[in-house]
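Q: Residues per chain, in single letters:
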Amino acid sequence: MVQVEAIAVDDDGIRFRTGADDVVDVCFDGRRVWSFWLLRDSVAHGTERLVSWPSQLTRFLHGTARLSLVAHVSGVTLYDETVRLGNGEGGIKVEDEQGRPLALDKSNRISLTFETRTPEQVAPLLDAVQEVLDALREAGVQAFPAYGTLLGAVRDGALIGHDNDADLGYVSEHSHPVDAIRESFALQRFLGERGYDTQRYSGIAFKVDVIEADGSRRGLDVFGGFIAPAVGGRPATLYLMGEVGAPFEKEWIFPLGTTTLEGRTLPAPARPEKLLEAMYGPGWKVPDPAFKFETPRSVVRRLDGWFRGIRVHRNDWDRRFSTLRNTLPTDAPSDLAQYVVDQEGVPAQLVDLGAGRAGDALWFARQGSSVTALDFVPWASAAAQRVARAEGLDLRFGSVNLHSYRSWLAEGSRLAHVPGPRTILCRHLVDAGTAVSRDATWRLCEMALREGGRLYLEFLAGEPRPRTRTELLSPVPVADVVAGLEGRGAVIVHREDRQERTAPDKPGRPVARLVAEWRR
Amino acid sequence: MARAVGGPLVDDLSRRIAELEAEVQESRQLNVRVAELVDLVQELMLPLASQDRERIEAALAKFERSL
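Listed in order, the protein sequences are those of chains A and B.
Per this note's numbering, the first sequence starts with residue 636, numbered consecutively.
Per this note's numbering, the second sequence starts with residue 58, numbered consecutively.
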C-alpha cells in the first residue's frame, strides 16, 4: 500500500510526503468531489509535495467541512479531519445554484457526476442511450456504448460514478475518412429529422442533447470511427474519434455482441476488451477517476488532420457569451454602424456578419433596414432576438460557421438568391478568426454582394499576438486583409487607421477601417 | 551531439521534416473539405437549381438545421 505522510490541507491545496504514485479521492463530508494522482499531479516543495486546488473548485472552498482523502482503488482512508478554508463561516458545499451536488470529472470539469444521481435521475439518460442507439442502427450504423460508458458496462455493469456523460461509438463500414465523414453528416441529419438537438464537434463526431427528468441537459457524444486497411508493413488500424488509433481486426467489432449497463442489455463490440485496451491501455480494468489519455502524437495528428478544424475558437466564444447572452448590449450603434449611415444613409438590406450580441443589427432594424444577423454562436444574441420578436422587426438571426464550407456556402447561396444590393457590416470578425475563416469571409461577401453594395470592415490592426482565453481578438496586419480581399476580386474604396475606445478611462486600441466592393 | 557532428545537415533535415509534417496535415485537411462539398452538392444542388424561392428557402433551412 502506498505510504502517504504529513498530510496538511490549506487554502493552497493539499501537502503531503510520499514516494509512490496512487490515485486518491478528495471527499467533502464523505462525498467525492475530485481525484488526483499523488505524484503526477503535484509539485515538489522542499521535502513535501503540494497538489493545488483546481481553479474550478476554489470558488466553493469557503467554510468548514470534514475532508477525507481516500485511496481510490484500495478504499483506504489516508486523512480524515475537519478543515476550515477560505473566509466563509458556513459549511463547504460543492453544489450548483439548485443545490445539486457537483464534482470534478477526469478532465477537471465541474459537473453533475453520476455518483450523486439516483436511478430515477439517470433512467432518462439510459433511455436516451437506447433510443439513440436504435436510431443510429436505423440510420445504417451499428453503434454501441463507447469510452467511459463501455468501460463501466464491461467492468461493473454500471455507469462510472465519477463520469458525467454517456458516449456512443460506431465503426464505419467505410475505410476512407471522406466517406466516414459523409456518413457522420448523414447520421446527424437523420437524428435531427427525428427531433433531436445536435451539435457537431468535428467531421466525425457530434453531440445529441437529451433532457433529463429534473430538467438537466446532458450530452450524448456520438464518435465515429473506421478501420484503415493494412498498407505495406502497417496492419489494419482502427481510428475512433477522439483518442483511438490502434492495430485492430474487424472481427473484434463485428458482429456486435451485448453488454449490460444498469440492468439494460445494450450492443457492444464482439471483443469489448480489445477496444477498451485500445482506449485506455492494458490497465483498463483498474478504476482511475483522474485518468489522462496519452494518445500517441501520430494518432492525434491523424485525427486532427482528417476530422478536426470546424469548431476553431468556438468554446472560447461560448464561454465569453454565456454570461452576456441575456443582456441587451448598450453600446450600439458602434462607430462603424454610424459611419455606414453617414456614408450611404440607412441601407435597405444589411448583413451583420459576426453579429455577436447583435446590438448593431438591432439598431439597423429599428432604423428600417431589412437585417440579417449572422454569428457562429447563435444564442449570443438571445436578448436581441427577444426584442426583435417583440417589436416585430425585419431581423433574421442565422448561424454561420466560417470554418465549415457547408455552413458558409449555404448562407452565401441564400443571400445570393435575395435580389438587390446590400451592406455588410463586419466588425471585429477578421481579428477573431483565422486565415481560413478570413478567406471564407471574403468568399461569402463576394456571393452576398453580387448585385452590388459594400463591405464595411473594422478590426484590430497591427502585429498579430497570441490569443488568450480572455483576449479573444488578435490584431491582423492590414496588408494581409487587403491582399486577401483583392485576391478575391474586391476593390478597396476606403482605408483609415483609427483608435477605438472601449472605455472612457482606457487608452484607445488601434483599429483599421476598410470599405470594399466588387465591381462587375 | 548529432548537431555537433551533423551540423547544417541536421538543421536542414529538421527543417524538411517540419515542412513535410505541415504538408501531410494540409493534405489530410482535404478530407473534411471534400466531404463537406460532396454533402452540399448532394443536398442542395437540385433545389438551388430550381428558380422557386420557396423551394430554395425550404431546402436551405432544412440543410442548415442539420449542420
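Treat the hints as calculated values from the structure; they're not laboratory data.
Watch out, some of these pointers could steer you wrong.
Here's a subset of chain B near chain A, in silico, CB distances under 10 Å, partners left out [to be verified]: (1) L70; (2) V95; (3) D96; (4) E114; (5) F120; (6) R122.
Pair by pair, the computed Cβ-Cβ distance ranges are [stated by the list, open to error]: (7) B/L87 - A/R932: 17 to 27 Å; (8) B/R122 - A/E1026: 47 to 57 Å; (9) B/A115 - A/P1013: 18 to 28 Å; (10) A/G1003 - B/L103: 49 to 59 Å; (11) A/E683 - B/R72: 19 to 29 Å; (12) A/A655 - B/R122: 51 to 61 Å; (13) B/E111 - A/D844: 22 to 32 Å; (14) A/E908 - B/A115: 43 to 53 Å; (15) A/V947 - B/L103: 51 to 61 Å; (16) B/E111 - A/P1013: 17 to 27 Å.
Just so you know, these numbers come straight off a predicted model, no measurement behind them.
By construction, the Cβ of each residue, glycine as well, lies at the ideal position given by its N, Cα and C atoms.
Q: Now look at each hint and say whether the structure bears it out.
A: Right, here's what the structure says about each hint:
1. L70: 18 Å, violated
2. V95: 6 Å, holds
3. D96: 5 Å, holds
4. E114: Holds, because the Cβ-Cβ distance from B/E114 to chain A comes to roughly 7 Å (cut-off 10 Å).
5. F120: Nearest chain A Cβ about 6 Å off; hint holds.
6. R122: 6 Å, holds
7. B/L87 - A/R932: 17 to 27 Å: 21 Å, holds
8. B/R122 - A/E1026: 47 to 57 Å: Given a distance of about 26 Å, which is not inside 47 to 57 Å, the answer is violated.
9. B/A115 - A/P1013: 18 to 28 Å: 20 Å, holds
10. A/G1003 - B/L103: 49 to 59 Å: Given a distance of about 36 Å, which is not inside 49 to 59 Å, the answer is violated.
11. A/E683 - B/R72: 19 to 29 Å: 45 Å, violated
12. A/A655 - B/R122: 51 to 61 Å: 54 Å, holds
13. B/E111 - A/D844: 22 to 32 Å: 30 Å, holds
14. A/E908 - B/A115: 43 to 53 Å: 48 Å, holds
15. A/V947 - B/L103: 51 to 61 Å: At roughly 31 Å between Cβ atoms, B/L103 and A/V947 fall outside 51 to 61 Å, so the hint is violated.
16. B/E111 - A/P1013: 17 to 27 Å: 23 Å, holds
The structure fails hints 1, 8, 10, 11, 15 (numbered hints given earlier, in ascending order).
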